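> Heads up: the sequence lines are chains A and B, in that order. Heads up, the final residue of the first sequence is numbered 1789 in this note's numbering, and it's a clean run with no missing numbers. Heads up, the final residue of the second sequence is numbered 419 in this note's numbering, and it's a clean run with no missing numbers.
Just so you know, these hints were derived from the structure itself, not from any lab. Just so you know, these numbers come straight off a predicted model, no measurement behind them. For glycine and all other residues, C-beta sits at the position ideal for the given N, C-alpha and C. Worth double-checking, as some hints may not be accurate.
In silico SDA-like pairs for lysine to any residue, Cα to Cα no more than 25 angstroms straight-line [to be verified]:
hint	chain 1	residue 1	chain 2	residue 2
1	A	K1379	A	G1343
2	B	K413	A	D1445
3	A	K1539	B	D195
4	B	K303	B	L89
5	B	K185	A	K1624
6	A	K1758	B	L294
7	A	K1624	A	Q1678
8	A	K1539	B	K185
9	B	K384	A	K1538
10	A	K1538	A	Q1678
11	A	K1624	A	P1506
12	A	K1379	B	P186
Which chain B residues face chain A? A few, computed with CB under 7 angstroms, are given here [said to hold, decoys possible]:
hint	residue
13	D133
14	L315
15	L319
16	V320
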Amino acid sequence: MLTIFFRGVLVDAVLLSRIQFAVNIGFHYIYPPMSIGLGLMLVIMEGMYMKTKNPLYKQMTKFWVKVFALTFAIGVATGLVQLFAFGTNWARYSRYVGDVFGSALAAEGVFAFFLEAGFLGVMLFGWDRVKPAIHYFSTICVAAGAHFSALWIVVANSWMQTPAGHTIVGEGSQARAVVTDFWAMIFNPSSIDRVVHVVLGCWLTGIFLVISVSAYYILKKKFLEFAKTTMKIGLIASAIGLVLQLISADSSSQIVAKHQPPKLAAMEGVYTTEPSTPFSLIGWIDTETRTFKGIRVPGALSFLVHKDFTTPVTGLDQIPEDEWPRVNTVFQAFHLMVYMWFAMAFVTVLGIYYFWKKKLQHKRWLLWSMVISVVFPQIANQVGWIVAELGRQPWIVWGLLRTSQGTSLSVNANQIVGSLTMFVVIYLLLFFLFLFLLDRKIKNGPEEATVGPLYRDVLGIGKKTKKGVYEL
Amino acid sequence: MTEGLEFFWYLVVGLAMVAYTVLDGFDLGVGILHPFAKTDIERRTFLNAIGPVWDGNEVWFVIVGGALFAGFPEVYATSFSGFYNLCMCLIAGLIFRAAAIEFRSQKPSRAWRTTWDWVFALSSLAIAFLLGLALGNLVEGIPLDADHVLLTEHFSILRPYPILVGIMGVALFTMHGAIYLVMKTEGPLHEKVKKWTMWAIGGFLFWYALTTWATLTYMPHMVAKMREEPYLFLVGLFALLVLLNIIREMKRNHFGHAFLSSCISIAVFISLFGIGTYPVLIRSEIDPAANSLTIFNASSSSLTLKVLMIIVIIGVPVVLAYGYWIYRIFRGKVKLGSSSY
């Protein structure tokens, strides 16, 4: 058996399985938010086309459909991994939650995946085969399917955060969670808030991809008419999305405060329960000495949670130490997520102002910030899930099953090292291919792709058309 | 009532397996045959024959896995953790295959396309083999202890019988994909694929006969039920008749009928597997009677099974209706256009 120590901690099958799951889900989660967000943008763009019949909107839809197809393909390929991940590395967890997870996952498969994958074929390849209204209907179905998948999987995850509607049957290694009330399980205390929060995060991801590409075109003075229109759609959508996200964030944090106090305490680094609990703007927590260095606003956390400045917020001192999450990591991840919201808001507010003043084209620094802004929601999504999942530790199902009790007994550390290495290699490869192809699609732009002499020279096929380009 | 629910879900898993094997089966077969197409146009024709549908077909894989997780969580947990290395290879295959289909046409360069062509072919081959290998292991049985945990020390997934089933899987999908391509192609390519199909059918018949012999000889538990209920042998006979009908329909140039026969033969093979193993889902070699996972000791609660039944009754007819509609939109011979792969 292989033995590795990292910073004095034994790297065992449990830790390796956790790392592997984090790598899998973290990499996967780059793509579905883009598909969900772009799904919404496609519904808007093709809807504008249906309404105005302006070919610019059709061109726009066709261009973004291609980008969507790319994000979707990698989303599916990496998503398949998740189907395996519970069973391969978390067999005891799967046995424990199977009865609860089952119906949510079945609903996801039947109501979401088929809708998305089935109509994707029509959306991608059906332009000349079906009527425009049917095509638009297909686009709506694809977007709806993407949203439904988010819905069901987040419902299942929410049950792991705030379990409800179940009872525990059996004891020891035979213990299982069994559903007693289906609707209470589906609408567990955190479901709705978390679904909304996640979906809004996805919308922002798609919206900022559109803003980023539009800004790039404006900077390069290419496809200007196209880029300005998509920029306008993107900025308006972003403004709405950011306001909604702020409301959702407030509502979500109340749920965490109520149902998962240790998570909230870690998010803000609150060790002692005291009146007028402060909110940290920035800081670092020394988990050895349990001290905080940074800037704090007194009473602000009390206000955010209880809507008055004095009521104390539960600190970690109220919770047994073996139920604490990793405080500083959760703290930093949470604050990074908040900073990302401000970064997005900054770009959006200035963007709308200069767009309205018709000066956006000359503000190159702002346009460059917009190009970079594509990573803001991505970072927010990643660290947001780190808060959700790391903040739940040491539990895999809150209060019921510890993470260390969820692993597969028939899988050893060597096997996981092997598979983890494989995943890292595959993901690096996929990521660079994705960037390379996305870059090509963006540089080719929204105009109909023509196949130049290169193709014919290389492959010796294709016929010359009147326009002098080679068609396949 | 509960027994009925468990049996219902067993049927759902079985039908999902049939749907997956029938649908993704031809996709995988097209992938295995892909390198035999020589020019870029031919290869693009192959790719676009499955282009609009492969993604939807692969969803059935998720459905099979999800249906197990939902209705028989013990089986999902035991098989996926027990077959860890196999699952990881399968994942690698599925990722590379999806990437190959999506990326191949993105760049008009020969090196780029040839690389992805081989990735597509090899990953399809690997998936077909691994699926057969897994099924073969389920037939032969694996060492499960009383807690349904696999004892890994004395277990190798690469045993002769499962390998044989794996090769039969490859042969089956190759045949199925070839017949599908006959339907979707025209002109010289069509004639070429027709010749391959006869070879593929011959190859499959050989491996099928070999696997049947091995099953009868070395896996007596698979035929125990047939010995009790001799009329079940008719199912085996039916399988043979359907296979012979494929050849007959090919000779008569009724390719749609040949493909339909191929689909039915897949359904019959999976029924044979079901008849041989029922009600066992994972057979324990150590103590088959006590340690095996059956549809009764591995199932979810009856409330969950009821919810699942409602989801299936509402959702599946809708899925089948629009699935059929989508297949109709893309029916007929492959036409390469500006939005093709």
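> Give a verdict on every hint.
Status of the hints after comparison with the structure:
For the hint pairing K1379 of chain A with G1343 of chain A, the CA-to-CA distance comes to about 29 angstroms; that exceeds 25 angstroms, so the pair is violated. Between the alpha carbons of K413 of chain B and D1445 of chain A the distance comes to roughly 11 angstroms, so the proposed pair stays at or under 25 angstroms and holds. As the CA atoms of K1539 of chain A and D195 of chain B are separated by approximately 34 angstroms, the hinted pair breaks the 25 angstroms bound. Simply put, K303 of chain B and L89 of chain B have alpha-carbon atoms about 18 angstroms apart, close enough for the 25 angstroms limit, and the pair holds.
Among the hinted pairs, K185 of chain B with K1624 of chain A is inconsistent with the structure: their alpha-carbon atoms are about 57 angstroms apart, more than 25 angstroms. A C-alpha spacing of about 56 angstroms is found between K1758 of chain A and L294 of chain B, which places the hinted pair above 25 angstroms, so the restraint is violated. Straight-line distance between C-alpha atoms of K1624 of chain A and Q1678 of chain A comes to about 43 angstroms, which puts the hinted pair past the 25 angstroms bound. Among the hinted pairs, K1539 of chain A with K185 of chain B is consistent with the structure: their alpha-carbon atoms are about 22 angstroms apart, no more than 25 angstroms.
The suggested pairing of K384 of chain B with K1538 of chain A is violated, with an alpha-carbon distance near 59 angstroms, which exceeds 25 angstroms. At most 25 angstroms may separate the alpha-carbon atoms for a hinted pair to count; K1538 of chain A and Q1678 of chain A meet this at roughly 9 angstroms. The straight-line distance between the Cα atoms of K1624 of chain A and P1506 of chain A is roughly 20 angstroms, inside the 25 angstroms bound, and the hint therefore holds. Only pairs whose Cα atoms come within 25 angstroms are accepted, and K1379 of chain A paired with P186 of chain B is accepted, the gap being roughly 20 angstroms.
Taking 7 angstroms as the C-beta cut-off, the interface hint given for D133 of chain B holds, the closest approach to chain A being about 4 angstroms. Of the supplied interface hints, the one on L315 of chain B is violated, with its beta-carbon coming no nearer than about 35 angstroms to a beta-carbon of chain A, more than 7 angstroms. A cut of 7 angstroms between beta carbons decides the hint on L319 of chain B: the least distance to chain A is about 33 angstroms, and the hint is violated. Nearest Cβ of chain A to the Cβ of V320 of chain B: about 28 angstroms, over the 7 angstroms cut. The hint is violated.
This entry does not satisfy hints 1, 3, 5, 6, 7, 9, 14, 15 and 16, going by the numbered hints stated previously.
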